[in-house]
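Using the hints, position chain B against chain A.
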Amino acid sequence: MIELKNLTKDYGTTLAVNRLSLDVAAGEIYGFIGPNGAGKTTTIRMMGGIIEPTAGSITIAGIDLRKDPVAAKKIIGFVPDRPFLYEKLTGMEFLKFIADLYSVEAPYLFRRSEELLKQFALWEWADEIIEAYSHGMKQRLIIVAALLHDPKVMIIDEPMVGLDPEAVSMVKDILKGLAAQNVTIFVSTHTLSLAEDLCDRIGVIHKGTLLAQGSVSDLNLAAKTGEARLEEVFLTLVREA
Amino acid sequence: MTLLRPRLLSAGNGLKPGTRNNRWTQLFLFLLIGLAFWIGAFLIFYRVLIYFQSVQNFGDILAMKLLSMMIITFFTLLLFSSIINTLSHLYLSRDLPLLYSLPVDIRDIFFSRWFSSAFDSSWIVVAFSLPVFLSYGLVYQAGAAFYLAALTAIVCMCLMASAVSSLLVLLGAALLPAGKIRTFFVILGVLLVVLLVIVLRMIRPEQLVNPDSFASAVLYLNSMQALSLPYLPTTWVTDTVRFALKNNWTYSIFNLALSASCVFSMIFINGMAASAIYSRGFSRAQTTANRLSSPVKFRGHSWEGLLNFLSRSAKAFAIKEIRSFFRDSTQWPQLFLICALIVVYLYNFSVLPLNRAPIKTVYLQNVFSFLNVGLAAFVLSAIAARFVFPAVSIEGEAFWIIQSAPVSMKTFLWIKFFLYYIPLLILSEILIVASNLLLGVTPFMMFLSVLTIFFLVPAVVALAVGLGACYPDFKSENPALSVTSFGGMLFMLLSFGLIALVIILEAGPVYKIFMARMHGYAFSWIQILWFVFSFTFALFLCVFAVLYPMRLGAINLLKR
Numbered sequence: 008m009i010e011l012k013n014l015t016k017d018y019g020t021t022l023a024v025n026r027l028s029l030d031v032a033a034g035e036i037y038g039f040i041g042p043n044g045a046g047k048t049t050t051i052r053m054m055g056g057i058i059e060p061t062a063g064s065i066t067i068a069g070i071d072l073r074k075d076p077v078a079a080k081k082i083i084g085f086v087p088d089r090p091f092l093y094e095k096l097t098g099m100e101f102l103k104f105i106a107d108l109y110s111v112e113a114p115y116l117f118r119r120s121e122e123l124l125k126q127f128a129l130w131e132w133a134d135e136i137i138e139a140y141s142h143g144m145k146q147r148l149i150i151v152a153a154l155l156h157d158p159k160v161m162i163i164d165e166p167m168v169g170l171d172p173e174a175v176s177m178v179k180d181i182l183k184g185l186a187a188q189n190v191t192i193f194v195s196t197h198t199l200s201l202a203e204d205l206c207d208r209i210g211v212i213h214k215g216t217l218l219a220q221g222s223v224s225d226l227n228l229a230a231k232t233g234e235a236r237l238e239e240v241f242l243t244l245v246r247e248a
Numbered sequence: 022m023t024l025l026r027p028r029l030l031s032a033g034n035g036l037k038p039g040t041r042n043n044r045w046t047q048l049f050l051f052l053l054i055g056l057a058f059w060i061g062a063f064l065i066f067y068r069v070l071i072y073f074q075s076v077q078n079f080g081d082i083l084a085m086k087l088l089s090m091m092i093i094t095f096f097t098l099l100l101f102s103s104i105i106n107t108l109s110h111l112y113l114s115r116d117l118p119l120l121y122s123l124p125v126d127i128r129d130i131f132f133s134r135w136f137s138s139a140f141d142s143s144w145i146v147v148a149f150s151l152p153v154f155l156s157y158g159l160v161y162q163a164g165a166a167f168y169l170a171a172l173t174a175i176v177c178m179c180l181m182a183s184a185v186s187s188l189l190v191l192l193g194a195a196l197l198p199a200g201k202i203r204t205f206f207v208i209l210g211v212l213l214v215v216l217l218v219i220v221l222r223m224i225r226p227e228q229l230v231n232p233d234s235f236a237s238a239v240l241y242l243n244s245m246q247a248l249s250l251p252y253l254p255t256t257w258v259t260d261t262v263r264f265a266l267k268n269n270w271t272y273s274i275f276n277l278a279l280s281a282s283c284v285f286s287m288i289f290i291n292g293m294a295a296s297a298i299y300s301r302g303f304s305r306a307q308t309t310a311n312r313l314s315s316p317v318k319f320r321g322h323s324w325e326g327l328l329n330f331l332s333r334s335a336k337a338f339a340i341k342e343i344r345s346f347f348r349d350s351t352q353w354p355q356l357f358l359i360c361a362l363i364v365v366y367l368y369n370f371s372v373l374p375l376n377r378a379p380i381k382t383v384y385l386q387n388v389f390s391f392l393n394v395g396l397a398a399f400v401l402s403a404i405a406a407r408f409v410f411p412a413v414s415i416e417g418e419a420f421w422i423i424q425s426a427p428v429s430m431k432t433f434l435w436i437k438f439f440l441y442y443i444p445l446l447i448l449s450e451i452l453i454v455a456s457n458l459l460l461g462v463t464p465f466m467m468f469l470s471v472l473t474i475f476f477l478v479p480a481v482v483a484l485a486v487g488l489g490a491c492y493p494d495f496k497s498e499n500p501a502l503s504v505t506s507f508g509g510m511l512f513m514l515l516s517f518g519l520i521a522l523v524i525i526l527e528a529g530p531v532y533k534i535f536m537a538r539m540h541g542y543a544f545s546w547i548q549i550l551w552f553v554f555s556f557t558f559a560l561f562l563c564v565f566a567v568l569y570p571m572r573l574g575a576i577n578l579l580k581r
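First to last, the sequence lines map onto chains A and B.
Residue numbering for the first sequence follows our numbering, starting at 8 and increasing by one per position.
Residue numbering for the second sequence follows our numbering, starting at 22 and increasing by one per position.
Bound-form chain A, shown alone (with noise of 0.2 Å):
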């Protein structure tokens, strides 16, 4: 469903990532972790078409990212790791504005958003301006755009900054029965526990280079660790590259 290969992206002074390859498979969770500045954001970025990459492609449902950028972004639900909205818009008007742009019926959009909202506690404050929502209600409200469209793909930056334990707990959730619907999610965290409880695979990548993927006892192979926990087989791989 998500196939990356030789994907580079490179600013000039630095070489962010660097001939990047994986896939994903339908339905599958891919946890994607790495130190600061490891090229995680720029990847998850790149996946999402916010910005170009130098070289390789990324193919999203057998859909060209750079050829038909269009058609490639309306079967995928993209969530950024800082909540950044139009703050004088409320709740449901920026939910609209998302469904115009990914064309999403009228009727349904109503009996989804308020579905959605209920789920996210965000009923209540849907006709509240932006601006005076909660960093934590910001993020769900992105989440919560993120699924009006019902997407094939899920691409998320740390989704679970800024959230509320009963939050994490319910977007665990979400993520794992979208999933279970054939829905390919594919999440970036520093949340090692995260990634451990909810991935099929995960990905280190350290430096802009993908180090190892798997399973944690894939990883635990890797980094010869024998069954290690995923946090000690992470610090063994980024100190051994």
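Bear in mind the hints are in silico, worked out from the structure with no lab data behind them.
Here a beta-carbon is modelled for each residue, glycine too, at the ideal position from N, C-alpha and C.
Check each hint, because a few of them may be wrong.
Claimed, not checked - Covered stretches of chain B (chain A as the covering partner; in silico rule of three or more C-beta atoms under 8 Å from a C-beta of chain A):
(1) 325–337
(2) 460–468
As the list claims (entries may be wrong) - Mimicking SDA-like on lysine to any residue, the simulated pairs with C-alpha atoms at most 25 Å apart in a straight line are:
(3) B:K580 to A:D17
(4) A:K214 to A:E247
(5) A:K95 to B:K496
(6) A:K74 to B:L169
(7) A:K183 to A:A219
(8) A:K145 to B:I423
(9) A:K81 to B:N577
(10) A:K95 to B:Y168
(11) B:K580 to A:E247
(12) A:K145 to B:L573
(13) B:K267 to B:Y168
(14) B:K580 to A:A219
(15) B:K431 to A:S28
(16) A:K95 to B:Y442
Said to hold, decoys possible - Computed spacing ranges between beta-carbons, pair by pair:
(17) B:A148 to A:H142: 53 to 59 Å
(18) A:D157 to B:R28: 22 to 28 Å
(19) B:F330 to A:A78: 23 to 29 Å
(20) B:Y72 to A:G19: 55 to 61 Å
(21) B:P27 to A:H142: 19 to 25 Å
(22) A:S222 to B:F330: 39 to 45 Å
(23) A:D71 to B:S332: 23 to 29 Å
Just chain B now, kept in the frame of chain A:
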């Protein structure tokens, strides 16, 4: 001083060679444009003062009257700009929560912010008052002490305006209902400037240079004495400069001392007020602004229905843009100012003394009409610089939504273009038609003006959208300020250049056509060819200015 260090260091870092945000080119461009304005202002004032000197008995009074009017205008502008700046520096800046978390006395926070605000709102007035004083100094052959006195007086005036504004803002923030603070001050500031602009126009200062229009010398002298109240700070500043010009140092220093003591008293009162109420006001200002009105609906239909003719994504953008604009109270001042500008613009045409001109009136009316096309286009450029150039930057950090949405950058930019093109076309055509009707021009000139503006508006709007996309600033606290960036300046230069080129291309043929109609002679083939070439080239320039910047803008946004 410690609290001001981050700002000074940031400015210094921007100028260091090798840094990513090197601002030397920007600074150079600013200096160049500033110098041009500066020299222009000096030459105008110098010539006016020399002319005044030639008016027997009244020359001196006229020069002093002009000085007094200049200082009142400067003071009102300073008050307006200080209110907006102080509000932003004291209550809305993003770094305030950090400052409040530091172990620093509240008065120190207040004075560091006040000082920054006073500098930001005053430097441009100080810079542009210098050519005025220089021209006075040269005409009256004043010594070096005059310049020192004038500079000190103007600095005192800036500090007084800033201190009065900060006191008003401090009191307002503590007393007004939370959430209404920004709106109140923005409206207050705007009313002040609109009032000044309209009053200045209605008193018709141009009559002061035409003493014949007064019934008697007594009436004329009376009008000269207006607005010289002894308790107004502007009077002290005017008198400081006036007496310094005449080497009457006792009175000059007395008035300067009045100004300075007023400044120190105001600073002292501000310090006391800050200790008492700044912290409380800051806490209240953290409350989100309330919406001034509930959504407008007419018989169950929302205003959004009026946009049904647009495609779905275009309508979504239009609604988002309109809502965000009208809910942001910081946008309103410019809107009010534009309304005032239009009123003054049209009023000026209604009072043009065409019947007193020595040249044949029909000719003059049409010359004015032609120049009016250029003038209206320059006004359009200024409006585009303020509203259209920041249209891409205004997406701010939420630009990721557009980047990740299934909408191409090209479509995004064209939607932005049409959102601004339609209202600006209507506004410009109203300006042109109304001013032409006031001038009573020939149908040919009316047709030509309407047509020229029809092609210039899309060119200027596309230039603004395209260059705005080439030089966006998604991280700015106030995207409207992006007009003062390198990209904004480049837009202004290119836009003015384009307008000037189109006007020059049309001027020759229009003159020939107009004279041929007046004197009834026919055109030669060469002349017809020249007309066709000129008008076609002007049209080509406009079409090029629409397509090329939009293309560049889309390419640049994709590369980000």
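Legend entry - 25 Å limit on alpha-carbon distance, applied to hinted pair K267 (chain B) and Y168 (chain B): 13 Å, holds
Legend entry - Supplied distance hint 55 to 61 Å, evaluated on CB atoms of Y72 (chain B) and G19 (chain A): Given a distance of about 58 Å, which is inside 55 to 61 Å, the answer is holds.
Legend entry - Pair hint outcome, K74 (chain A) versus L169 (chain B) [Cα-Cα no greater than 25 Å]: The given pair, whose Cα atoms are some 66 Å apart, is violated under the 25 Å limit.
Legend entry - Cβ distance range 22 to 28 Å for D157 (chain A) and R28 (chain B), holds or violated: 48 Å, violated
Inset, instruction - Would you check the hint for K145 (chain A) and L573 (chain B), treating anything up to 25 Å between C-alpha atoms as holding? - result: Measuring from Cα to Cα gives roughly 33 Å; hence the hint is violated.
Legend entry - Status of the given 23 to 29 Å range, CB of A78 (chain A) versus CB of F330 (chain B): 26 Å, holds
Legend entry - Coverage criterion applied to the region 325–337 of chain B (partner chain A; beta-carbon cut 8 Å; 3 residues): Held - the region 325–337 of chain B has 4 residues with a Cβ nearer than 8 Å to chain A, which meets the minimum of three.
Inset, instruction - Take the C-alpha atoms of K183 (chain A) and A219 (chain A), compute the straight-line distance between them, and say whether it is at most 25 Å. - result: 23 Å, holds
Legend entry - Distance restraint hint 19 to 25 Å, applied to the beta-carbon atoms of P27 (chain B) and H142 (chain A): 24 Å, holds
Inset, instruction - Starting from K580 (chain B), check that the Cα of E247 (chain A) is at most 25 Å away, please. - result: 35 Å, violated
Legend entry - chain A over the region 460–468 of chain B, status - at least 3 residues with CB closer than 8 Å: violated (count 0)
Legend entry - Distance restraint between K95 (chain A) and Y442 (chain B), which requires alpha-carbon spacing of 25 Å or less: OK: K95 (chain A) and Y442 (chain B) at ~23 Å, within 25 Å.
When the structure is compared with the earlier hints, violations turn up for hints 2, 6, 10, 11, 12, 14, 15, 17, 18, 22 and for no others.
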